[in-house]
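Chains D and V supply the protein sequences, listed in that same order.
Counting from 1, position 312 in the first sequence corresponds to residue 312 in the UniProt record's numbering; the numbering is continuous, with no gaps.
Counting from 1, position 75 in the second sequence corresponds to residue 75 in the UniProt record's numbering; the numbering is continuous, with no gaps.
Any given hint might turn out to be false.
Claimed, not checked - Quick list of in silico lysine-lysine cross-link-like pairs, BS3-like style, CA-CA up to 27 Å: (1) V:373 <-> D:164; (2) V:36 <-> V:129; (3) D:403 <-> V:196; (4) V:47 <-> D:49; (5) D:164 <-> V:164; (6) D:403 <-> V:47; (7) V:338 <-> D:129; (8) V:49 <-> V:36; (9) D:403 <-> D:343; (10) D:164 <-> V:338; (11) D:403 <-> V:403.
Bear in mind the hints are in silico, worked out from the structure with no lab data behind them.
These numbers come from a predicted model, not from an experiment.
There are 2 protein chains.
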Amino acid sequence: MKFSYISHLYCPKCSNEYESDTVQNLCECGAPLLVKYDLNTLADNWKPKDLEGRSNNLWRYHELLPLTDDSNIVSMGEGMTPLIEMDSLNTHMGINNLYMKDEGIIPTGTFKARGAAVGVSKAKELGVKELAMPTNGNAGAAWSLYAARAGISSTIVMPVDAPKITRNECAISGSNLYLVNGLISDAGKIVGEAVKEHNLYDVSTLKEPYRIEGKKTMGLEIAEQFNWEVPDVILYPTGGGVGLIGIYKALKELQELGWIKKDKIPRLVAVQSEGCAPIVKAWEEGKTESEFWNDSETLAFGINVPKALGDFLVLNAIYETEGCAVSVSDEALLEEQKLISQKEGLFVCPEGAAAFNAARQLRNDGWIKEDEKVVVLNTGAGIKYPNTVSVDVPTLEPNERLKPAAIK
Amino acid sequence: MKFSYISHLYCPKCSNEYESDTVQNLCECGAPLLVKYDLNTLADNWKPKDLEGRSNNLWRYHELLPLTDDSNIVSMGEGMTPLIEMDSLNTHMGINNLYMKDEGIIPTGTFKARGAAVGVSKAKELGVKELAMPTNGNAGAAWSLYAARAGISSTIVMPVDAPKITRNECAISGSNLYLVNGLISDAGKIVGEAVKEHNLYDVSTLKEPYRIEGKKTMGLEIAEQFNWEVPDVILYPTGGGVGLIGIYKALKELQELGWIKKDKIPRLVAVQSEGCAPIVKAWEEGKTESEFWNDSETLAFGINVPKALGDFLVLNAIYETEGCAVSVSDEALLEEQKLISQKEGLFVCPEGAAAFNAARQLRNDGWIKEDEKVVVLNTGAGIKYPNTVSVDVPTLEPNERLKPAAIK
């Protein structure tokens, strides 16, 4: 048995192939590269029962991850996040089998840790010493901390409006951190120039092939947590869309391995904000690529991405699975966030709340049926977004007492 | 097999016994009650291999938890947090086998989730409808969210200086939240009056017997994660001290079950802040109880507890295991927090940073030996404490470029 069955890299647009044992970024044609595994050999050598007794994190799937030598693993115990039954919200929404995959229960508090763990580990394996990226906050936080753990230096550029907690995470990791008076697309341009001028490893979304392999593990875990019987619908808050692309890739690979059946794949739903919905617009128009969304704005900062490099892969995953794309208003997601906390005790991030509201919309429309098994990805912990909750609390003096009416 | 082998409650001070199937708070003598299990019967019926294939959270130990019916479990997937090898800090400290148990990777982002999960579940089993507690922030956040999940109403009183994020968590859960211009001891007095006047279930630290059972699972997990070969030293940031009491209780129960050897128990170290060190003072003076610490102040808010109800249990655990108690300055813990982030990529909370600094002190003193196996509890995620990191970041305009010197 090999530690990884990685074979090579390939371009999903022009089919060009590249070696995986040297540093690679985009294809010559400008498209992102994907990792190809030797699934035929792996299917003979690897079965679900081989996972028994393995460590309870994403490295349990190492055969299907790009790292060839386990000594290069940079881990903080990420993965195998809880799959939680929603025992109260399900009735409220009329979806009997409603689950949340909680990506807040992971190092750095968001799903970005998965991409960073696998991406940084592979960067270490390839001998990278300096990496750079633009970020809306959480990805930069995760990559700078994992880079610190790997002994790799990092340069991070984020919008001034990105969540302040993520600044802390980058700063305390020792990263070279910059803010920009603009959007992530502006940060991207600055990083693009710096990468060229200073020969840094560009780990912008999909500009290196391995982040997606980390995100893929969400799909692997969902399949395993349902004992290899996949759910009917998976909803995913979509900015750059890497998570959704990764989940789709995982499901296809599991089908090829014979671990899940070929006759059923979950319908994948891309959830965006009404203030930034390029994928939704493209899907509604039946297009295969999105257009740049001007003057985007939403408090669900993680999905404020006006034009995603992997938009064509997201749209392809939606079309291939007979999924759809839905947008949610900021007001609706805030209301949903409060409801989830009060009914389920789960303090989800705004992006996760948007995905729940999309499930509600789709149930109301009849697109989701009452008895279908539905999984919503909560991509991060609500505690990372202190400003989305408005609190008005009475302050007492030490000698005061609570009033009966106040206690209910 | 029964779901739980709970037998009854007992007072560690006067040995009085109480039933566990009705609501109980303190012993008549004023001391906290502890849970007793039928360990003799359990020892015959339950072995480490029975844990194989169980869910990867703290409920895997249900035989040794107080819930008698699994339908009362209120869970968000808490427990089995990562045990992380410190591959860089170990050299820096001269402790070859240094591990961190990361209690930030849990619902609500701190170890308080354990006490809340088990405490609220048992409250639900006992038919409780309304609970109340004072808090330094994180416990209130955890209990109010778990209470919401259980359909139990909660009244929470916290100091105005408690971390603001924890206010959000309480508020969004629908809790009756109050701030007090004072310390947790002032909040405690207000709750004490309210409990009497309005017949609420008092879940203040150690005033109900089940929170400690949740915290105990940290000890069970550490033992299991080391394959039932316990480490030499465990360091714990100590405010109310429930975690340390729980870990000690877990280790003693595992010894009685025969799952770990009786001839070795880890030396337990209580870590406090120099600005609030009643346990350290009592230990240095060889006393069995602590005195109220006047004018306490530390930025490690979770361990700002001037007088803990369970102080005598904490001190007993230290004496019985030949452990010790150490205090750390705010400056030292801030420095340590930065170092851990930069060397290990782990953004720990101030309390966790204090515990690491205590390990450093004890190694320098020779109290910890070079090759001893040392576990430090990081009790929460650094992201919950935005104000402990000072960030000074340059802001660029969209057309600006990074300077070579800035990139290094």
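Verification of the hints:
no., hint, result
1, V:373 <-> D:164, "violated, 37 Å"
2, V:36 <-> V:129, "holds, 25 Å"
3, D:403 <-> V:196, "holds, 13 Å"
4, V:47 <-> D:49, "holds, 22 Å"
5, D:164 <-> V:164, "holds, 14 Å"
6, D:403 <-> V:47, "violated, 51 Å"
7, V:338 <-> D:129, "holds, 21 Å"
8, V:49 <-> V:36, "holds, 23 Å"
9, D:403 <-> D:343, "holds, 26 Å"
10, D:164 <-> V:338, "holds, 17 Å"
11, D:403 <-> V:403, "violated, 60 Å"
Checked against the numbered hints above, the structure violates hints 1, 6 and 11; every other hint is satisfied.
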